[in-house]
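Protein sequences, first through last, are from chains A and B.
At position 76 of the first sequence (counting the first as 1) the number is 76 in the working numbering, and the numbers step up by one without a gap.
At position 128 of the second sequence (counting the first as 1) the number is 128 in the working numbering, and the numbers step up by one without a gap.
Keep in mind that a hint or two might mislead.
For identical chains, the list gives no copy identity; a pair is met inside one copy or between any two copies.
Straight-line alpha carbon distances no greater than 25 Å define the calculated SDA-like cross-link-like pairs of lysine to any residue that follow [unchecked claim]: (1) Lys-95 <-> Ile-107; (2) Lys-152 <-> Cys-166; (3) Lys-75 <-> Tyr-108; (4) Lys-230 <-> Tyr-139; (5) Lys-95 <-> Glu-80; (6) Lys-230 <-> Glu-124; (7) Lys-75 <-> Ala-19; (8) Lys-230 <-> Glu-125; (9) Lys-75 <-> Ala-253; (10) Lys-152 <-> Glu-168; (11) Lys-152 <-> Ala-109; (12) Lys-152 <-> Leu-234; (13) Lys-152 <-> Gln-141; (14) Lys-95 <-> Glu-84; (15) Lys-95 <-> Leu-264; (16) Lys-75 <-> Glu-113; (17) Lys-152 <-> Val-167; (18) Lys-152 <-> Pro-115; (19) Lys-152 <-> Gln-116; (20) Lys-152 <-> Gly-237; (21) Lys-152 <-> Ser-88; (22) Lys-152 <-> Gln-175; (23) Lys-75 <-> Gln-205; (24) Lys-152 <-> Asp-164.
Bear in mind the hints are in silico, worked out from the structure with no lab data behind them.
Chain residues, written in single-letter form:
2 protein chains.
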Amino acid sequence: VAKVENISELTWFDTAVQALSDPQDLRVWSLIVTCFGDIAQTPGDQISGVALTELGAAIGLRSEAVRVALHRLRKDGWIESLREGRASFHRLSTKGLRETHEATPRIYARTPERPQAWHLICSEENTDLPVTGVPPQNYLQLTRRVALGAGKARQAPDEVLSFDVCVENVPAWMQARICPPGLLNTARDLLEALIETDRQLSQSQSVPGALQRAALRTLIVHRWRRLLLKMPELPDGFFPDDWAGESCRNLTAELLERLPCPSLAELETAAGHSRNRR
Amino acid sequence: VAKVENISELTWFDTAVQALSDPQDLRVWSLIVTCFGDIAQTPGDQISGVALTELGAAIGLRSEAVRVALHRLRKDGWIESLREGRASFHRLSTKGLRETHEATPRIYARTPERPQAWHLICSEENTDLPVTGVPPQNYLQLTRRVALGAGKARQAPDEVLSFDVCVENVPAWMQARICPPGLLNTARDLLEALIETDRQLSQSQSVPGALQRAALRTLIVHRWRRLLLKMPELPDGFFPDDWAGESCRNLTAELLERLPCPSLAELETAAGHSRNRR
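Work out the full structure, taking the sequences as your base and the hints as a guide.
Okay, here's the thing in C-alpha cells:
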C-alpha cells in the first residue's frame, strides 16, 4: 500500500513539474537564483550542494547542470560557496542579496503595486526625449517626442512639456502594442500550467514534502518572474480583455500559499532523505 | 472760451484715435462690423448712413471708403440696407447677427472663459490625428500624433488614446511656439495704444460725447478682437511672462466701462449735430 501511495504521489508531482517546466527556457542558473530568492534571502542563509542537487533532480535537472550553473553564478558574483570537508554550501553574495531584495516586492505582491499617478512628457520639436535623470524603463514611449511615465509630472525634467494625466480611453491598437501575440500567449501558457498544478495539487492524496514544495515554488516563481519582466507597469486599461497576466498573478499567489516555503532545515533534511533513497 | 475747450477736446480725442488706429489694418468693412456688433446687435437695430459716415469721419475714414465697405458687406450678406427718401439705414442680416452673437461672449468677457478641463489625444502609429467630429481649432497639435484639447477626454473619438490632463510644466520653447515674436509685439503694441487712450481720456477736460464714445469703442473692440483671433485658448502656463494679452483684456474692459455704449438714438442725434457742424 505504501508503494502505491508513493507512485501516486510521484505522478501528481511529476505532472505538475512537467506542466510548469518551460522547454524553451533551460536557464538553470536563473532557476537557482529564483530558488535562493524564495528560500534563502536572509543574509547568512545558505543551501548545501546536496540540497540544490536534490532540488534540481526533483525538477528534472542533471547534477552536472546544477554544478555548471553554480560555477557560473559564483564567477558572476551572484553567489559565494564554502567547502566543509566533502560538503559544499552556497549563499547569495552581497550583490545577489541586493538584486534579489529589489525584485522581491514586485514578484510576491498579491495585488500589483501599480502607481496611482501617471504623467506625460513631450520634448521639443526635432528633439528626442531626454533619458538622463529619467529611468527610461519607467516610461512608455508613445511617439518619438511623447512618453507616459509613472508618478507625478513634477519629477520630469524642466525642458519637457509635462502633464499629470488620467487615462480615459485605450484603443485596441495600443493594447496590441503593449501585449503583442507572443506576450499574450506566454501569459496564457503560464495560466494553463498554473491551473494544471492547482488541479494536481488538489487531487494529490498526500501533503507535499519540503523538497516538493521548494521545487514547485521555484518553478512557479521562475515562470511568473519571467512573465513579469515582460509586463510593462501601466494603467489597467492598457491591457486587453484577454490578457491572462492578472489571473497568473492571483493563481501564483494562491499556489504559493498552498505550498508553504520550507525552512532551510526542513529542506536539508528532506534533501538528505531523498539522496539516501536514490 | 468755448472755442478753446473745443480744440482741447479734439486734441485728446484725435490723439487717442491716432494711438488706436492700426496703419497696417485698413479693413473698413471689419471696423463697420465691429461697430454694429458693439452698438446694434439686437434684431431690428439699425444705423443710418449719416451716422456711419460721421463715425467714420471721426476715426479718419473718408465717406467714400465707408460707402464701398457698406456695399461689400451687403454683397457678402452681412448687412441689409434700406432707403427712406434720401436717407439710408443699415442693419446686420440674420447671418451677420448670428456671427456677431457667436463672437460677442469671448470679445467682451472681462475674465477669459478658459476651459477648466483639458485632454490629450494620441493617434495610432503612422496615422494622423482624426479631425472629423473634432473641431481642429480646439486642438493644439503638439506633435504629428499628439494634440491638446479643451474639455474632457471622453469627448474624443474612440480610435485615439486619450487622457484627462493637468498642465504641470510649459518650457520656454513651447511658450515661444504659442507666442512667436510677432504675436508678442502685436499684444505689446495694443497695450501701449490702450494705455495712451486711457491717459488721454483721463486728461480730457470734458465728458466724451456719444459719437466719440462709439468711435473709440469701435477702434478698441476692433483691435482687441483681432488680437483675440490670434490667441489660442490654452491653459495659463502656455503664455510667456512678457505676454501682454491679459493686460490688454483688462484695460479693454476698463476702457469700455469708462466709455459707455451710446444708445442708437444718442448716436443718431450726435451724428446729426456733427454733420451740421461740418
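Checklist entry - When no copy is named, should Lys-75 and Tyr-108 be tagged within, between, both, or neither for a Cα gap of at most 25 Å? => result Answer is neither: 28 Å inside a copy and 76 Å across each miss the 25 Å cutoff.
Next on the checklist: I want to check one pair: Lys-152 and Gln-116. Are their C-alpha atoms no more than 25 Å apart within a copy, between two copies, both, or neither?
Outcome noted: both (9 Å within a copy, 20 Å between copies)
Next on the checklist: Treating 25 Å as the Cα threshold, decide for Lys-75 and Ala-19: within, between, both or neither.
Outcome noted: neither (32 Å within a copy, 82 Å between copies)
Checklist entry - Can you tell me if Lys-152 and Gly-237 fall within 25 Å by alpha carbon in one copy, between copies, both or neither? => result Cα proximity of Lys-152 and Gly-237: in one copy and across copies (19 Å, 17 Å).
Item to check | Copy assignment of Lys-95 with Glu-84, given that the CA separation must stay at most 25 Å | outcome: within (23 Å within a copy, 98 Å between copies)
Checklist entry - What label fits Lys-75 with Glu-113 when the C-alpha limit is 25 Å: within, between, both, or neither? => result neither (34 Å within a copy, 67 Å between copies)
Next on the checklist: Regarding Lys-95 and Ile-107, is the shortest C-alpha distance of 25 Å or less found within a copy, between copies, in both, or in neither?
Outcome noted: Close inside one copy (18 Å), not across copies (66 Å); limit 25 Å.
Checklist entry - Is it within, between, both or neither when you check Lys-95 against Leu-264 at 25 Å Cα-Cα? => result For Lys-95 and Leu-264, the Cα distance is within 25 Å only inside one copy (21 Å; across copies 87 Å).
Next on the checklist: Within a copy, between copies, both or neither: which one fits Lys-152 and Glu-168 at a CA-CA cutoff of 25 Å?
Outcome noted: both (17 Å within a copy, 9 Å between copies)
Checklist entry - Is it within a copy, between copies, both, or neither that the alpha carbon of Lys-152 lies no farther than 25 Å from that of Ala-109? => result within (23 Å within a copy, 34 Å between copies)
Next on the checklist: If the cut is 25 Å between Cα atoms, do Lys-152 and Gln-175 qualify within a copy, between copies, both or neither?
Outcome noted: Classified as both: same-chain Cα gap 23 Å, cross-chain 22 Å, threshold 25 Å.
Checklist entry - Should Lys-152 paired with Gln-141 be assigned to within, between, both, or neither, using CA atoms and 25 Å as the limit? => result both (17 Å within a copy, 23 Å between copies)
Figure legend: structure checked against the earlier numbered hints; hints not met, in rising order: 3, 7, 9, 16, 21 and 23.
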